[in-house]
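Sequences are here, hints too, so could you generate the full structure?
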Amino acid sequence: MLVIQTCQTRLARPQRAWSVRAARGFTLVDVFTSIAVIMVLIAILLPSLTTVRETARRVVCGSNVRQIGLGLAMYADDYDGFLPPSRFSVGQPPQHHRTVQVRATTPALALGLAQWDGMGVLFNSDYLTAPGVFYCPSHHGEHPYAANLSQWFSANDEVICNYQFRASSDPFYSLAGERALVSDSLRSQSDFNHTVGCNFMRADLSATWYTDSVGRILSILPATPNAAGASDDVLDAWDFLDGIDSTGQPR
Numbered sequence: 120m121l122v123i124q125t126c127q128t129r130l131a132r133p134q135r136a137w138s139v140r141a142a143r144g145f146t147l148v149d150v151f152t153s154i155a156v157i158m159v160l161i162a163i164l165l166p167s168l169t170t171v172r173e174t175a176r177r178v179v180c181g182s183n184v185r186q187i188g189l190g191l192a193m194y195a196d197d198y199d200g201f202l203p204p205s206r207f208s209v210g211q212p213p214q215h216h217r218t219v220q221v222r223a224t225t226p227a228l229a230l231g232l233a234q235w236d237g238m239g240v241l242f243n244s245d246y247l248t249a250p251g252v253f254y255c256p257s258h259h260g261e262h263p264y265a266a267n268l269s270q271w272f273s274a275n276d277e278v279i280c281n282y283q284f285r286a287s288s289d290p291f292y293s294l295a296g297e298r299a300l301v302s303d304s305l306r307s308q309s310d311f312n313h314t315v316g317c318n319f320m321r322a323d324l325s326a327t328w329y330t331d332s333v334g335r336i337l338s339i340l341p342a343t344p345n346a347a348g349a350s351d352d353v354l355d356a357w358d359f360l361d362g363i364d365s366t367g368q369p370r
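Be aware that the sequence shown starts at 120, since it is given in this note's numbering, and climbs by one per residue.
Some hints here could point you the wrong way.
If you anchor each label on the Cβ, the simulated ranges turn out as follows [claimed, not checked]:
#1 R172 to A295: 29 to 37 Å
#2 D351 to R298: 14 to 22 Å
#3 T327 to D351: 21 to 29 Å
#4 S288 to I163: 50 to 58 Å
#5 V179 to E297: 19 to 27 Å
#6 F201 to E297: 34 to 42 Å
#7 T174 to E297: 23 to 31 Å
Keep in mind that the hints were calculated from the coordinates and are not lab data. Cβ atoms here follow ideal geometry from the backbone N, Cα and C, with glycine treated the same way.
Written out as structure tokens, the structure reads:
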């Protein structure tokens, strides 16, 4: 009897009514709002991301300059204290401050042939075996790494890198320690790798980043490599890295 009553009680209990609610989708306004929010976030973060990328490139550039400087020191240690020879360090007057070609054609060679010059001697002599060391990742001029890679392994092509070697016929150990020896390219404004400064190495093998937020070095450099007075402008830029002003006096 108890079992029958329990079943009847359950049957008599009213069924619960469930309201079925239709699922709501995204409207066009929701989509546009989401896109607008994403665009605002990108606009906020993009300058920071750009700064981080340039900072990373600057670190790589500084490492390249240091490796080139150490390669020059090792070469000098093996060759009685003398730096790699360069056609820019001879003549009247010597253009030692303009060395950017790592392989160049010289009048002494047959037409169409080229020989390694300055920093290029380090590559040819296996002191630095990776061509990428000679190129700044921030370079925005006419001579990026990708455009020059194949020429490094050719027999007769001239090669221009992104860094500059201040050639000298004097022994390495006789150079003043504060003398800038390797730098970001000072060939022209378009070849200047970083607009807010440059990496360079002194003869004492100290690698330094020079902060130039006001563009002093950039303003010294010639607009183009072949501009009138370009050679003197490049020399002035080297003197600036040496700590010497336009009057020849220490800054």
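Against the structure, the hints come out as follows:
1. R172 to A295: 29 to 37 Å: 36 Å, holds
2. D351 to R298: 14 to 22 Å: Since the Cβ atoms of D351 and R298 sit about 18 Å apart, the hinted range of 14 to 22 Å holds.
3. T327 to D351: 21 to 29 Å: At 24 Å between Cβs, range holds.
4. S288 to I163: 50 to 58 Å: 55 Å, holds
5. V179 to E297: 19 to 27 Å: 25 Å, holds
6. F201 to E297: 34 to 42 Å: For E297 against F201, whose Cβ atoms are near 20 Å apart, the range 34 to 42 Å is violated.
7. T174 to E297: 23 to 31 Å: 26 Å, holds
Of the numbered hints listed earlier, the single one contradicted by the structure is hint 6.
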